[in-house]
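Protein chains in written order, with my numbering: chain A, 7 to 416; chain B, 730 to 834.
Rather than coming from a laboratory, the hints here were simulated on the basis of the structure. Only true hints are included.
Computed list of lysine-lysine pairs in DSS-like fashion (alpha-carbon distance at most 30 Å, straight line):
#, chain 1, residue 1, chain 2, residue 2
1, B, K815, B, K738
2, B, K815, A, K238
3, B, K777, B, K807
4, B, K807, A, K238
5, A, K373, B, K791
6, B, K787, A, K327
7, A, K211, B, K815
8, B, K829, A, K238
9, B, K787, A, K166
10, A, K280, B, K791
11, A, K219, A, K147
Output of the computed footprint for chain B on chain A, the stretches with three or more beta carbons under 8 Å from beta carbons of chain B:
#, stretch
12, 195-205
13, 266-273
Computed Cβ-Cβ distance ranges for the label pairs, DEER-style:
#, chain 1, residue 1, chain 2, residue 2, range
14, A, K42, B, D773, 41 to 47 Å
15, B, D773, A, M7, 54 to 60 Å
16, A, K42, B, K777, 38 to 44 Å
17, A, P403, B, K738, 45 to 51 Å
18, B, K738, A, M391, 49 to 55 Å
19, A, S70, B, K777, 47 to 53 Å
The C-beta atom is built at its ideal place from N, Cα and C for all residues, glycine as well.
Next come the chains, spelled out residue by residue.
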Amino acid sequence: MKKLVILGAGTAGTMVANRLVRTLKMNEWQITLVDKDPVHYYQPGWLFVPFGIYDKKDCFKPKSKYIPSQAKMIQADIQCVEPENNRVILTDRTVLEYDYLIIATGADIYPDETPGLNEGEWGKSIHTFYSMDGAVALADKLRNWKGGRLVVNVVENPIKCPVAPLEFLMLADWFFHQRGMRDRVELIYATPLPGAFTKPIANKKLSYLLETKNILVEPEFMIERADPDAKKIVSYDEREVEYDLLVSVPLNKGADYVGRSGLGDALNYVPVNKHTLLSNKHNNIFVLGDASNIPASKAGSVAHYAIDLFGENFVRYLEGKEMHETFDGHANCFVESGYGKGLLIDFNYTQEPLPGRFPIPVLGPMKLLEESRLNHLGKLAFRSMYWNILMRGLSMPLPPTMSMAGKWTN
Amino acid sequence: MSTRMIAGKTVQVNEEGFMTNPAEWTKEIAEELAKEEGIDCLTDAHWKVIEFSRESAKDSGKAPTLRTITTGAGVSTKELFMLFPKGPAKKVARIAGLGKPEGCV
Numbered sequence: 007m008k009k010l011v012i013l014g015a016g017t018a019g020t021m022v023a024n025r026l027v028r029t030l031k032m033n034e035w036q037i038t039l040v041d042k043d044p045v046h047y048y049q050p051g052w053l054f055v056p057f058g059i060y061d062k063k064d065c066f067k068p069k070s071k072y073i074p075s076q077a078k079m080i081q082a083d084i085q086c087v088e089p090e091n092n093r094v095i096l097t098d099r100t101v102l103e104y105d106y107l108i109i110a111t112g113a114d115i116y117p118d119e120t121p122g123l124n125e126g127e128w129g130k131s132i133h134t135f136y137s138m139d140g141a142v143a144l145a146d147k148l149r150n151w152k153g154g155r156l157v158v159n160v161v162e163n164p165i166k167c168p169v170a171p172l173e174f175l176m177l178a179d180w181f182f183h184q185r186g187m188r189d190r191v192e193l194i195y196a197t198p199l200p201g202a203f204t205k206p207i208a209n210k211k212l213s214y215l216l217e218t219k220n221i222l223v224e225p226e227f228m229i230e231r232a233d234p235d236a237k238k239i240v241s242y243d244e245r246e247v248e249y250d251l252l253v254s255v256p257l258n259k260g261a262d263y264v265g266r267s268g269l270g271d272a273l274n275y276v277p278v279n280k281h282t283l284l285s286n287k288h289n290n291i292f293v294l295g296d297a298s299n300i301p302a303s304k305a306g307s308v309a310h311y312a313i314d315l316f317g318e319n320f321v322r323y324l325e326g327k328e329m330h331e332t333f334d335g336h337a338n339c340f341v342e343s344g345y346g347k348g349l350l351i352d353f354n355y356t357q358e359p360l361p362g363r364f365p366i367p368v369l370g371p372m373k374l375l376e377e378s379r380l381n382h383l384g385k386l387a388f389r390s391m392y393w394n395i396l397m398r399g400l401s402m403p404l405p406p407t408m409s410m411a412g413k414w415t416n
Numbered sequence: 730m731s732t733r734m735i736a737g738k739t740v741q742v743n744e745e746g747f748m749t750n751p752a753e754w755t756k757e758i759a760e761e762l763a764k765e766e767g768i769d770c771l772t773d774a775h776w777k778v779i780e781f782s783r784e785s786a787k788d789s790g791k792a793p794t795l796r797t798i799t800t801g802a803g804v805s806t807k808e809l810f811m812l813f814p815k816g817p818a819k820k821v822a823r824i825a826g827l828g829k830p831e832g833c834v
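Kindly generate the complete structure, drawing on both the sequences and the hints.
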């Protein structure tokens with residue numbers, strides 16, 4: 007029996023396990039998944055929790071429900087990988103040997119990396135929606151908040167779901183309007199990037215959103231520290247932004263064991279070939295989902311399209327054939343813009359999001375880079391597709407690489 | 730997309746003056762672009778950062794983030810802000826002939 011170990015049973019790990027039990031000859035393979043957490047979170051749902059659109063129970067299911075019966079699941083924490091010995095050591099000292107390893111342990115937030123964030127005011131005047139508990143605590147906070155200056159700050163890129171901070175602000179605008187207190191709330195976006203929109207076409211098409219919603223942007227803001235007593239964040243170039251409520255997107259990093267195993271870059275992401283997802287250093291380690299350093303969005307959508315191609319590529323690789331260098335960084339994402347509307351963006355490593363129409367079977371063509379009610383409904387409907395199609399390892403009726411069909415290029 | 734002459738060489742640039750083909754970059758161009766960014770003289774410390782960033786972009790195809798630079802080139806973030814005041818990520822990217830740091834939209 008050949009041994010395949012998959013580290014992480016979240017979005018990418020679960021999808022690839024379900025895919026591979028069908029593409030591999032399972033009488034020749036033993037597949038083992040390792041994850042410390044028995045709960046599978048629907049992370050796209052966290053955005054909606056602070057505003058009471060979803061609550062906690064809408065955002066999780068037991069992992070065991072989605073692990074294929076042909077694979078073994080171990081609930082444990084990972085101490086390290088020893089790539090030279092082809093084995094994984096768990097914190098309880100269990101040793102797992104592998105012929106092939108898939109790293110799919112994603113990325114997580116590290117608020118401790120920014121002085122002042124995770125101290126006395128964390129959970130009081132400093133919040134995040136980048137964790138289940140954080141999103142629930144923020145919902146409590148917003149329910150009773152009397153208004154003031156709400157600052158959303160991204161500590162550093164890359165982050166999971168790079169559009170989520172903007173979506174949060176647009177939903178906040180809607181939420182406070184609904185509650186009749188928008189005039190008592192200032193909304194500010196402090197981002198390390200040169201602006202809220204950095205791609206030329208998106209910038210041209212979407213800047214009006216922030217203007218009409220009166221969301222102010224503090225660009226190129228690299229936070230050095232939060233000052234929780236003075237309620238302000240301070241940048242490396244000594245700019246200060248005061249807040250009454252800080253919604254932080256803390257530094258995102260790959261898992262600590264990746265660093266301990268010498269497999270990661272400065273942020274514990276594993277360097278890979280961005281088309282095949284094979285590790286640059288080890289020819290029997292692949293990295294799927296947010297855990298790699300590919301220059302794509304850290305998003306379930308990217309993991310899904312990559313895995314669509316990986317299933318077949320992996321079999322080719324095992325047969326000693328050349329892999330199709332096919333993954334193009336494709337992602338498509340619904341972007342909530344508030345008031346029951348949303349946008350849809352479709353892009354890859356080289357093609358920025360364009361306006362046009364996105365052909366989706368059944369639901370019909372959806373507007374790209376333009377607000378519509380259908381896009382919002384699409385985003386809400388996606389939760390059921392996530393659990394019933396994607397996490398079962400089934401294919402969506404969409405091509406894995408990006409298509410220019412329906413996109414307007416002039 | 731347009732072209733402009735920098736340090737005696739015609740190169741492709743985008744609307745904001747970022748070079749779009751890193752292969753057209755030369756050290757002389759870097760010196761010229763640095764002056765436009767208000768840095769009159771590129772010291773060894775500047776070059777260490779610029780060279781690291783070009784090396785990093787060769788692998789990733791993207792201008793590196795600040796944390797990648799500080800870890801990889803061994804400079805502190807404070808130091809980086811002193812070398813390339815007011816927005817080092819963007820300045821380093823422009824001087825090194827790489828694209829502007831950007832998000833997905």
